Amino acid sequence: MSAGTPIDDDDLHALADRALPENRAVEVEAHVAATPADAARVSFYRRLNNDLHALFDPVLNEPVPPRLLATPYGRRRSWPLQAAAAVVLLAVGLAGGWFFHDYTVQQQLPMVAFADRAAQAHLTFVSENVHAVEVPAANQDHLQKWLSKRLHNNVSIPDLHTVGYEFLGGRLLPSGDGVAAQLMYQNTAGNRVTLYFARGADSDSSFRFVQEDGLSIFYWRDASFTYALSSEVPRDTLEEICEAVYSQLNPGGPAVEW
Amino acid sequence: MTDQIPHLRRYATALVGDRAHADDLVQDCLERALSRSHLWREGNLRGWLFTIMHNIHANFRRRAARSPLTSSLDIEGLSASARPSQEDGLAMAGLGAALGALPDEQRAVILLIGLEEFSYAEAAAVLGVPIGTVMSRLHRGRERLRQLLVNEGGPTLRRVK
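Chains A and B supply the protein sequences, listed in that same order.
So for the first sequence, my numbering puts the first residue at 1; every next one is plus one.
So for the second sequence, my numbering puts the first residue at 1; every next one is plus one.
Extracted from the complex, chain A is given alone in its bound form (with noise of 0.2 angstroms):
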């Protein structure tokens, strides 16, 4: 746009949203200036942005409904950890440019299903009091080198007093191909907390949360496994615990971004 170009309204709001290049805005603003009624129509559309934040931003501290997080595919609802994790993942894939085709939930999302099978895991042992875990607290070493042979890599047992939970026991479970780990946490409310890794899988590092029916869990991978920290506790305690057991499992490692 060229200087001495007549000052329209589209000018006028296009000032307001910050929207003209830097020679133009200075023209505008000069005419806005020197022009009482087009300072306060240009005021008032600032001020108007302004409000409507001041408005409706409060939204986006809000919790994301449930529902919101359990969506897809027909509201197939036989597993719903499943409908919500895929659409966590689906932002984990478009993100990587990476196309979904006729293929089915499962087959697509590796993560999904890792966060499903936590979940099963988790409400199956949880409710557990004599068998809750394979091997007990008091066998803590055994029960180390035992997952570190059977899941061929280094498995270490984060300590979780800090956040006030002591730890049960283990146990191996079945998982796609191959096997899993489960530890169990119970703090004196007598609340628990499960922790399911499996070796790999191809997704991204970064921490994701589903919930769904008072389940929560967080899910992310590091070089050795990926992990699952399911819990009924709400999502800012399970946060505290997860941040416990990353900087255990990743000591010297970056702080968790949530």
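Simulated from the structure, these hints should not be mistaken for laboratory data.
A couple of the hints might just be wrong.
To be verified - Calculated from the model, a selection of chain A residues having no Cβ within reach of chain B, i.e. all distances over 10 angstroms:
#1 Thr5
#2 Asp9
#3 Ala14
#4 Ala113
#5 Val135
#6 Lys149
#7 Asn154
#8 Gly164
#9 Thr188
#10 Glu232
#11 Asn250
As the list claims (entries may be wrong) - Restraint ranges, calculated between C-beta atoms of paired labels, are given here:
#12 Leu60(A) <-> Gly128(B): 24 to 30 angstroms
#13 Glu240(A) <-> Asp3(B): 20 to 26 angstroms
#14 Asp104(B) <-> Ser127(A): 47 to 53 angstroms
Stated by the list, open to error - Stretch-level coverage of chain B by chain A, calculated; a stretch enters the list once three of its residues show a Cβ under 8 angstroms from a Cβ in chain A:
#15 22 to 32
#16 49 to 58
#17 107 to 118
#18 130 to 142
Keep in mind that this is a model prediction, so the values were computed, not measured.
Quick reminder that beta carbons are idealized off the backbone N, C-alpha and C, glycines included.
The hints should help you fit chain B onto chain A, whose structure is shown.
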């Protein structure tokens, strides 16, 4: 995509006014995005999601064949603690009501640009209209709000009933 859900909810809330209806709209949008994800190409995921949501909303409005929203926006549904006081800026209840009084197409443009901060070209792409149309809707919508919210001849704000 989950990163976009709060933005989709914010826009939907401002667009349709009713919180439950807004979440229905977001839910429909996410479902359609998943079922059509093979159509997505590298680029602006946010723009693509907003385009889908706009199309669903436009279809809904056509089917409903209703005039512009008659009820004011559900401002009370917003979290009370985060709600600005009535004295801040434009009277907030007034702004919600005035937005609700606008034709859908003008409200959409005002929100895409002023709230979601899309460029004019991006807003045109989301709405499937030329930029000139975006500019004229923006102008008519904002001027209408100015009439509704600002007393004639003075900067004093009045509450819109």
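Hint by hint, here is what the structure shows:
Even its closest Cβ contact with chain B, about 15 angstroms, leaves Thr5(A) beyond 10 angstroms, as expected for a residue assigned away from the interface. The beta carbon of Asp9(A) sits about 5 angstroms from the closest Cβ of chain B, which is not more than 10 angstroms, so the claim that it is off the interface is violated. Annotated as non-interface, Ala14(A) brings its C-beta within 10 angstroms of a C-beta of chain B; the closest such distance is 8 angstroms. The Cβ of Ala113(A) lies farther than 10 angstroms from every Cβ of chain B, with a closest approach of about 17 angstroms, so its non-interface assignment holds.
Here Val135(A) stays apart from chain B, with its beta-carbon at least about 36 angstroms from theirs, past the 10 angstroms limit. At roughly 37 angstroms from the closest C-beta of chain B, the C-beta of Lys149(A) stays outside 10 angstroms, upholding its exclusion from the interface. The claim that Asn154(A) lies off the interface holds: its Cβ sits roughly 32 angstroms from the closest Cβ of chain B, which is beyond the 10 angstroms cut-off. Every beta carbon of chain B lies more than 10 angstroms from that of Gly164(A), the smallest distance being close to 29 angstroms; the non-interface claim holds.
For Thr188(A), the condition that its CB be more than 10 angstroms from all CB atoms of chain B holds, with the nearest at approximately 32 angstroms. With a least beta-carbon separation of about 21 angstroms from chain B, Glu232(A) lies farther than 10 angstroms from that chain, consistent with its non-interface assignment. Taking the minimum C-beta to C-beta distance to chain B, about 23 angstroms, the non-interface status of Asn250(A) holds against the 10 angstroms cut. Evaluation of the 24 to 30 angstroms hint for Leu60(A) and Gly128(B) yields a pass: the beta carbon distance comes to about 26 angstroms.
The hinted window of 20 to 26 angstroms between Glu240(A) and Asp3(B) holds, with their beta carbons roughly 22 angstroms apart. Hint check: Asp104(B) to Ser127(A), Cβ distance near 50 angstroms, so the stated range 47 to 53 angstroms holds. With 5 residues having a beta carbon nearer than 8 angstroms to a beta carbon of chain A, the region 22 to 32 of chain B meets the requirement of three or more and the stated coverage holds. For the region 49 to 58 of chain B, the proposed coverage by chain A is not satisfied: 0 residues have a C-beta within less than 8 angstroms of a C-beta in that chain, short of the threshold of three.
Residues of the region 107 to 118 of chain B lying with their CB closer than 8 angstroms to a CB of chain A number 5, which satisfies the three-residue condition for coverage. For a cut-off of 8 angstroms, the count of residues in the region 130 to 142 of chain B with a CB near a CB of chain A stands at 4, and the three-residue condition holds.
In summary, the structure is inconsistent with hints 2, 3, 16 from the numbered list given earlier, while agreeing with the others.
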